[in-house]
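> Following the hints, complete the assembly by docking chain L onto the known chain X.
Residue numbers (my numbering), protein chains in the order written: chain X, 419 to 762; chain L, 419 to 762.
Hints are supplied without guarantee of correctness; some may be wrong.
One copy or two, it doesn't matter: identical chains are merged, so the pair holds either way.
[What the hints assert, rightly or not] Result set (DMTMM-like, lysine to aspartate or glutamate): computed pairs, CA atoms no more than 25 Å apart in a straight line:
| hint | residue 1 | residue 2 |
| --- | --- | --- |
| 1 | K492 | D456 |
| 2 | K421 | E597 |
| 3 | K639 | D519 |
| 4 | K490 | E670 |
| 5 | K718 | E662 |
| 6 | K617 | D451 |
| 7 | K722 | D674 |
| 8 | K714 | D649 |
| 9 | K490 | D519 |
| 10 | K427 | D519 |
| 11 | K714 | D463 |
| 12 | K455 | D649 |
| 13 | K714 | E573 |
| 14 | K617 | D519 |
| 15 | K666 | E521 |
| 16 | K490 | D463 |
| 17 | K427 | D647 |
| 18 | K427 | E521 |
Since the hints were made in silico from the structure, they are not lab data.
Protein chains: 2
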Amino acid sequence: MDKLKLIGKQTLKIESKPRIISTFSVVGPKEGDGPLKDYFDLILDDDLNGEDSYEKAESTLLYTSVTESIKKAKLKPQDINFLFAGDLLNQIISSTFAARDLEIPFIGLYGACSTMTESLCMASITMDGGFARNVIAATSSHFSAAERQFRYPLEFGNQRPPTAQWTVTGSGSMVLAREGNYPYITYVTIGKVKDYGIKDANNMGAAMAPAAVSTIYRHFKDTGRTPQDYDLIATGDLGKIGREITQKLLKEYGYDMYSNYIDCGEEIFDNERQKTDSGGSGCGCSAVVASGYIYKNMRKGKFKRVLLVSTGALLSTTSSLQGESIPGIAHAVSIEYGTGGDKA
Amino acid sequence: MDKLKLIGKQTLKIESKPRIISTFSVVGPKEGDGPLKDYFDLILDDDLNGEDSYEKAESTLLYTSVTESIKKAKLKPQDINFLFAGDLLNQIISSTFAARDLEIPFIGLYGACSTMTESLCMASITMDGGFARNVIAATSSHFSAAERQFRYPLEFGNQRPPTAQWTVTGSGSMVLAREGNYPYITYVTIGKVKDYGIKDANNMGAAMAPAAVSTIYRHFKDTGRTPQDYDLIATGDLGKIGREITQKLLKEYGYDMYSNYIDCGEEIFDNERQKTDSGGSGCGCSAVVASGYIYKNMRKGKFKRVLLVSTGALLSTTSSLQGESIPGIAHAVSIEYGTGGDKA
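With the rest of the complex left out, here is chain X (with noise of 0.2 Å):
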């Protein structure tokens, strides 16, 4: 038998580090009207994406993303063996739909905004066991159809309430290889269901951060590291609510999460001025910034180990009917660039 490269409880080591040689990012036009506008490779004009239903749109930005992060790492469709995909829509439509027309051999994934980060764990561990050469790990969601499906119908015009978050427009997609002077994957951390009882659909973040603080204590427990061995910790897309809560429950556990976290619902919008309360929420919310604004900055030198920790928050319709809470979930990668190896 080898020997495991489960570290602790929930960690796993990937050795082989597999490199993500390329991303792409497409948004909407709220989001490009947003602070992290200048590291979107594509910003929309319009949401609908020349469809006729916002379903349909959200499936032609998950193609884009796949099928442009695929040119710019120089590489074909049929060079990448898989596809890891997933998103909020009823049976992950806009994934299936945007994988019968890419024809990649196809594993559909549900972790609901924890998806980029599951792909991730999925694509790292398939790609550490010899079984490809190149997959794609990626997700999209959609303001439109995610609020008609989750909430009200658009023109009923509901009210927000502040602790409510915005869903994005936008797909992300990471190209993995096996080789080459790119950041690279090193750990992933595969969370647990959390739920404490949350049952307003319009409080997320306080839904999903219970989980969030579950998977990045796992991860500093199983690791040995501290939030001081990252230059950058993003969770997915807490908004400001739960990134607080994150932040203070983690410090009770004696974990200092003040100087060197993110959450990137909070920064992919202007939330005063674009009104969108808490933050951004969504498949796509932490995929893009990941794939735009994060991995940027890694190419660039300016952060060297990152913790990207995408939440997501485990309802459906059905549930929230029936009385059910929220349950929560977070995967957590460590990606790093020029550190020189793993110290840990």
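The following block gives chain L in isolation, referenced to the frame of chain X:
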């Protein structure tokens, strides 16, 4: 760089041969009245299983199959490193709510009714990479929950055309370990999404058959095996109509599937007596047939080499209402026992 374990285009050689050390299947009363009843571990008297909704009932089925499969393996929940599971309900709530109560690190999957082999594929890759001591692959479905989500309210009493299938109420779970004298996984073939334009949600066998054909054909091409190398080839839930299409199409490709091929959906019910038209369907269908009939007959020596090919129809009500056709996907897993190792 280690050598690639990707064989041909879509097949992975699982060199460490993870063992399926236990399985558990729980089914509803109708399945428990069918031809395979003697192979199920638990037959419910009441398909609500003491809950107040069909969705909550489905989640208890998954919880039961997972916990009972762990007990049968003489393990504890904390011995299971990761749970790979998914289901048909929106946002896979059967799986996520079960995962919440199980407290096992969780990877949520969505491959519609292909989820049993999708979860076995991801479980095999994770085991082979040395990332876990024990993992579980599981899935569930529930007739009443699926019917009202995908088709009509049950109270409506809609007529069923002869192409219709009956969603299986049940859940199957498999525990994988690194060693022991048990059936083991040797190859997995990951499928592409295939869509030949079927739009009728009451003819899913025809919608899924091309995906089954694609994956089975690819498995044979990649491994150099033929149907005659298997004692049994079992598709997931194509039903009678899909099974016939699959046989005919594979015959055109030169593969004779007339002597040792069954479809789990066709076998689980006595379609005439039980009025299940083309047969059973749902994630739970291939899960309980594989965990029951197939696994138990492998342990007895009746089948030495089985190719399990769960098949999924990737529709949502949204995609159907927007005029989209129904894409299909299938993943294949080669399970062997007593073959004296891998001859391919």
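> Since the copies are identical, ignore which copy is meant and state whether K617 and D519 lie within 25 Å (CA to CA) inside a copy, between copies, both or neither.
Classified as between; 17 Å across copies, 38 Å inside a copy.
> Quick one: K718 to E662, C-alpha cut-off 25 Å, is that within a copy, between copies, both, or neither?
Answer is neither: 29 Å inside a copy and 57 Å across each miss the 25 Å cutoff.
> Under a CA distance limit of 25 Å, which applies to K421 and E597: within one copy, between copies, both, or neither?
Classified as both; 23 Å inside a copy, 13 Å across copies.
> Measure nothing new, just compare the shortest in-copy and cross-copy C-alpha distances for K490 and E670 to 25 Å and report within, between, both or neither.
For K490 and E670, the Cα distance exceeds 25 Å both inside one copy (43 Å) and across copies (39 Å).
> With 25 Å as the alpha-carbon cut-off, assign the pair K455 and D649 to within, between, both or neither.
Classified as within: same-chain Cα gap 22 Å, cross-chain 58 Å, threshold 25 Å.
> Check K427 against D647 for me: Cα-Cα at most 25 Å, and say if that holds within a copy, between copies, both or neither.
Within. Shortest intra-copy distance 20 Å satisfies the 25 Å Cα cut-off; inter-copy 40 Å does not.
> Give the relationship of K490 and D463 under a CA distance limit of 25 Å: within one copy only, between copies only, both, or neither.
For K490 and D463, only the intra-copy Cα distance (22 Å) is at most 25 Å; the inter-copy one is 57 Å.
> If the cutoff is 25 Å on CA atoms, where do K490 and D519 land: within, between, both or neither? Let me know, please.
within (19 Å within a copy, 43 Å between copies)
> Within a copy, between copies, both or neither: which one fits K722 and D674 at a CA-CA cutoff of 25 Å?
within (19 Å within a copy, 56 Å between copies)
> Reference check for the pair K714 and E573, CA-CA at most 25 Å: within, between, both, or neither?
The answer is neither: 38 Å in one copy and 55 Å across copies each exceed 25 Å.
> Pop the pair K427 and D519 into one bin, within, between, both or neither, using alpha-carbon distances up to 25 Å.
Intra 39 Å, inter 18 Å, cutoff 25 Å: inter-copy only.
> Please sort K617 with D451 into within, between, both or neither, judging by C-alpha distance up to 25 Å.
neither (32 Å within a copy, 39 Å between copies)
When each numbered hint is compared with the structure, violations occur for hints 4, 5, 6, 13.
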